[in-house]
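Quick mapping for you: the protein sequence lines, in order, are chains A and B. Note that my numbering numbers the first sequence so that position 175 is 175, with each residue one more than the last. Quick note: to get my numbering, add 1000 to the position in the second sequence (first position is 1).
Worth flagging that the hints you see were computed from the coordinates, not collected in a lab. One should not assume that every hint holds.
Claimed, not checked - Taking lysine to any residue and the SDA-like style, the derived pairs with C-alpha atoms no more than 20 Å apart in a straight line are: (1) B:Lys1320 - A:Ala199; (2) B:Lys1320 - A:Gln187; (3) B:Lys1170 - A:Pro131; (4) B:Lys1320 - A:Glu200; (5) B:Lys1320 - A:Ala101; (6) B:Lys1320 - A:Pro184; (7) A:Lys140 - A:Val94; (8) B:Lys1320 - A:Pro131; (9) B:Lys1170 - B:Gly1477; (10) B:Lys1170 - A:Ile104; (11) B:Lys1170 - A:Ala101; (12) A:Lys53 - B:Arg1281; (13) B:Lys1046 - B:Asn1026.
Claimed, not checked - Taking beta-carbon pairs under 7 Å as the criterion, some of the chain B residues facing chain A (in silico): (14) Ile1099; (15) Asp1144; (16) Gly1147; (17) Ser1209; (18) Leu1394.
Remember, predicted model here, so these are calculated numbers, not experimental data. Glycine included, every Cβ here is placed at the ideal spot set by N, Cα and C.
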Amino acid sequence: MSSELLNKITISIVEGRPDETVDLTRQALVDGLEPLTIIDEGLTVGMNIVGDKFQTCEYYLPHLIIAASGMKQAMEILEPELQSRQQEAESAGVVVIGSVAGDIHEIGKSLVGTMMSASGFQVHDLGVDVPTEVFIAKVKETGADILGLSALLTTTMTVQRQVIRELEEAGIRDQVKVVIGGAPISQEWANTIGADGYAEDAVGSVELAKQLVV
Amino acid sequence: MRPKLNLLSDALVEQIIAEGFELLMNPGVRVHNAEALKLLADAGAKVDFETQIAHIPESVARRALETRPSEFHLYNLDGEQVVHYGGDRVQFDPGSAAITVLDSETQEQRQPLTADFVKFVKLVETIPQLDAQSTALVCVDVPDEIGDLYRLYLALNFMRKPIITGAFRKDTWWTMKDMLVAMVGSEKALAEKPIAVFDVCPSPPLLWSDLTCQNMIDSARYGIPSELVSMPLAGATSPVTLAAAVVQHTAECLSGVTICQLAHEGAPIVWGGSPAAFDMREGTTPMGAVGTWMIDCAYTQIGKALGMPTHAYLGMTDAKVVDAQCGLESSGGALMAALAGVNMVSGAGMMDFESCQSYEKLVIDAEIIGMSKRLIRGIEARDNPIALTLMQELGHRADYLAQPHTLKWFDKELYLPSAVIDRGSLDAWKKKGAKTAWERAQDRVEELLATYQPAPISDELRAELRDITTHAAQKFGMDELPPLPLD
Ligand code: B12
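Using the sequences provided together with the hints, build the complete structure.
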C-alpha cells in the first residue's frame, strides 16, 4: 500500500506534475509515512530518474526544472514535519547564490541554483544586483558551505573580487567556498581573485559544488 | 520584384499588436527609473511608484507612435548620408560588445586589447559590404568602469562610417555623448546629422532597468537615435511559443517608444532586438537557431506594420571556431534578415552566442552579406524583350562571353565574391596552397587591412577626444590611457 503511494510520488516527479506531487505527499503524511521515507523512497528516486533521462537526452531542461519544482514544493511541506521530529533531510550542503552588484543577468544564476537544489543542496537564491554586504550577511546567517557569485559583464567581474576581499575582512573567508561563473569568467580569473572554483555551466557547477563540500 | 519574407498573416499581425497593447496595461511594465515613471504618470499612465509598475493605456502608446519618426539617416564623418533607417532598406554592422576576440594565430578566444579593437575598426572600414561600425570589442587594458566609452574613443579615432554603440552605465553615457559632440562640432549638429546610435536593452519580461532607461531618455533629449534591443528568450524569459515571444517583444518595444517620445517628441528610435529560442538542452541563448531567426523576422514584420525603422541581431553563430556550423548559421540568419527587410542587421563577425568577435569570420560574413544584398535586389527584366533580340541574333551559338551585352550586365547581375570564396578548379585550388576557408579569410584580412585609409580626424580633435576619455579614466584610477597604435 505505502510502496504504491511512494511509487506514485516518484511517477508524479518523473512525469512533471508538481500539483500531484504535493497532494500525494500530503496523503502520505496522513497515511502515516515517515517524512524521510517519502523523501528517500519517493521524491529522490524520481529526481534520480529525471537526472538519468536528462543525461541520455530523453529529457530536456523543462522536464528537469518542473521536476525540481515538484521536489521543492513537497519539501516545503515536509520540512516542518522533519523539524518536529528533530530530523534533517540529508543535505549536500548549504549554498548562497546571486548575481553581483550592478549585474542583472539572472537566467544562468537561477539555472545553477535550481540544478544545485535538485541535487540536494539547500539553496538560498538572493536574486540579481545583490549588494556585497547582503552576500556577507547571508553567509553568516546560514553558515553557508558555498557562496556562488554570478557576473555576466566585464564591468561586474571585479565585484566578485570585491566580495572575496570583504569576506576576508569579515574574517569568514575560510569558512565558505567561493565559486564563480558567468560568460566572461574563466578558471584564470578564478585563480587571479582567489576563488575556490569556477564552472562554465549548470551541470559543471553541481559537480564543482560536490567536490568542494566533501 | 523584390523578394520579401512575411512569416505572419495579417490577422496574426493584428492580434499580436493588440495583445502587445494589452500587456502594457495588464500586467503593465516594470520601470526602475524615477524619471520615466514620472513621465508616464504625467502622460496618463497609472503608475504605482512603490512597486515601480506602470500601466500604460493604449492611447498613450498610440500617441508615441504618431510622434516618432518613421525614418532617419546616419551620417559618416565626411558628413554624407550613408545609412537609412526606414522602409525596406537593408544594412549590416558587426555584432557589439564581444567579451573575447578569436586570435588569428591560435584560433583561441582571448581577452581583447586596444590594438585588437583598432585593427577591427580599420578592417570594418575596408569592408564594402558593411554599412556601419559598431563598438564591437570590450578592451581589458583600461579600467572596467570605462570599458564602454573607451571602445567609442578608439573607434572615433579610426573610423569614417557611422557607429552603433551603447553604454554599460548611466554616467559613461555622458562622456560618450561629449565625444560624439566633439566629433561633429555641436549638440545641434549631432542631432541634425547623427553619426551614432545607442542600443538600449529592456530586460525580459517587461522591465526597464534604471541604466538602460536613463540611456534612452538622455539620448532622446539630445536627439541621438536609440535602438531598442528587446530579447525575449523563448521558453526562459518569455513564453516558448514563437508568436507569444513576439507579443512580449511588441509590448517591450511599445513601452520603449512611449518612454522615449515622452522624454522628447520626435526623437529617433528603432524597433529592434536580440531574441533567442532558448536551448532546452544546454540552457543557452542560441543565435543560430531557426526559432531565433523566426522571432526576429516576425517582430520585424510587426515593427513595419507600426511604421517603425527596424533592427535585428542576425547572421551570427554559436560555433566556437570558424567551421561548417559557423557558415551555415551565419548564412541562414543573414539571408532571412535581408528577406525580411531589417534596416540594420547587427552581428557580423560574432560567434559563440554573443561572446566572441573574429576578424576572419567578419570577412567571410562580408561575402554572406554581399550575397544577401544581391538576393534582395531580385530579378529584373533589364531588357525589353527580355531575351528575344539577343537570342534570336545569336541563334544556337554559345557565344555569350564575347557579347557586349554580357560585359554590360555581368557585374550588375552577378555577385562577385572575393577570394575568400573558392570557385577554382581542384588543381587551381591546390596550386594556391590548398587553403581552407579559414586560411583564405586570414589572407583576406591582411589584404584588406593594407588598403585602410586613415580617418579624416585632425590632431586637435584627437587630443580633445583623448582629454575627454582621460578625464573619465582618471576617476577610476587610470592616469594615462594606453597609447593609440598610430602608424
Ligand atoms: C540575456 C542577456 C541579457 C538580458 C538578461 C535577462 C535576464 N533576466 O537575465 C538583459 C537584456 C537584461 C541584458 C542586459 C544587459 N546586457 Co546582456 N546578455 C544577455 C545574453 C544574450 C545571454 C545571457 C544568458 O542569459 N545566457 C544563458 C545563461 C543560461 O547562460 P550564462 O548566464 O552564461 O550562465 C551559465 C554559465 O555562465 C554558468 N554560470 C552563470 N552564473 C554562474 C554562477 C556560478 C556560481 C557558477 C558556478 C556558474 C555560473 O552556468 C550557467 C548555466 O549554464 C548575453 C550573451 C552571452 N554571450 O552571454 C548578453 C551579454 C552578457 N550582455 C551584455 C551587455 C553589454 C548587457 C548590457 C550592458 C546591455 C545594455 N547596454 O543595456 C545590459 C547590462 C545590464 C546589467 N547591468 O546587468 C554583453 C556583455 C559584454 C561585456 N563585455 O561585458 C553580452 C556578452 C552580450 C553582448 N555581446 O553585447 N542582457
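Structure-based check of all given hints:
1. Distance check on the hinted pair: Lys1320 of chain B and Ala199 of chain A sit about 18 Å apart at the alpha-carbon level, within 20 Å; holds.
2. At most 20 Å may separate the alpha-carbon atoms for a hinted pair to count; Lys1320 of chain B and Gln187 of chain A meet this at roughly 18 Å.
3. A C-alpha spacing of about 18 Å is found between Lys1170 of chain B and Pro131 of chain A, which places the hinted pair at or below 20 Å, so the restraint holds.
4. For the suggested pair Lys1320 of chain B and Glu200 of chain A, the alpha carbons sit about 14 Å apart, so the restraint of at most 20 Å is met.
5. Taking the CA atoms of Lys1320 of chain B and Ala101 of chain A, the gap is about 30 Å. The hint is violated against a cut of 20 Å.
6. A distance of roughly 15 Å separates the Cα atoms of Lys1320 of chain B and Pro184 of chain A; the hinted pair therefore holds under the 20 Å criterion.
7. Between the alpha carbons of Lys140 of chain A and Val94 of chain A the distance comes to roughly 12 Å, so the proposed pair stays at or under 20 Å and holds.
8. Taken as a hint, the Lys1320 of chain B and Pro131 of chain A pair is broken in the structure, with Cα atoms around 34 Å apart against an allowance of 20 Å.
9. A C-alpha spacing of about 19 Å is found between Lys1170 of chain B and Gly1477 of chain B, which places the hinted pair at or below 20 Å, so the restraint holds.
10. Taking the CA atoms of Lys1170 of chain B and Ile104 of chain A, the gap is near 15 Å; set against the 20 Å cutoff, the hint holds.
11. A threshold of 20 Å between alpha carbons decides the hint, and for Lys1170 of chain B with Ala101 of chain A the separation of about 15 Å falls inside it, so the pair holds.
12. Among the hinted pairs, Lys53 of chain A with Arg1281 of chain B is consistent with the structure: their alpha-carbon atoms are about 12 Å apart, no more than 20 Å.
13. At roughly 11 Å between alpha-carbon atoms, Lys1046 of chain B and Asn1026 of chain B fall within 20 Å of each other, so this suggested pair holds.
14. Interface restraint check for Ile1099 of chain B: the shortest CB-CB distance to chain A comes to about 4 Å, inside 7 Å, so the restraint holds.
15. For Asp1144 of chain B, the suggested interface contact is upheld, since its CB lies about 5 Å from the closest CB of chain A, less than 7 Å.
16. Satisfaction of the interface hint for Gly1147 of chain B is found here, the shortest Cβ-Cβ separation to chain A being roughly 5 Å, below the 7 Å cut-off.
17. Look at Ser1209 of chain B: its Cβ gets to within about 6 Å of chain A, closer than 7 Å, so that hint holds up.
18. A cut of 7 Å between beta carbons decides the hint on Leu1394 of chain B: the least distance to chain A is about 59 Å, and the hint is violated.
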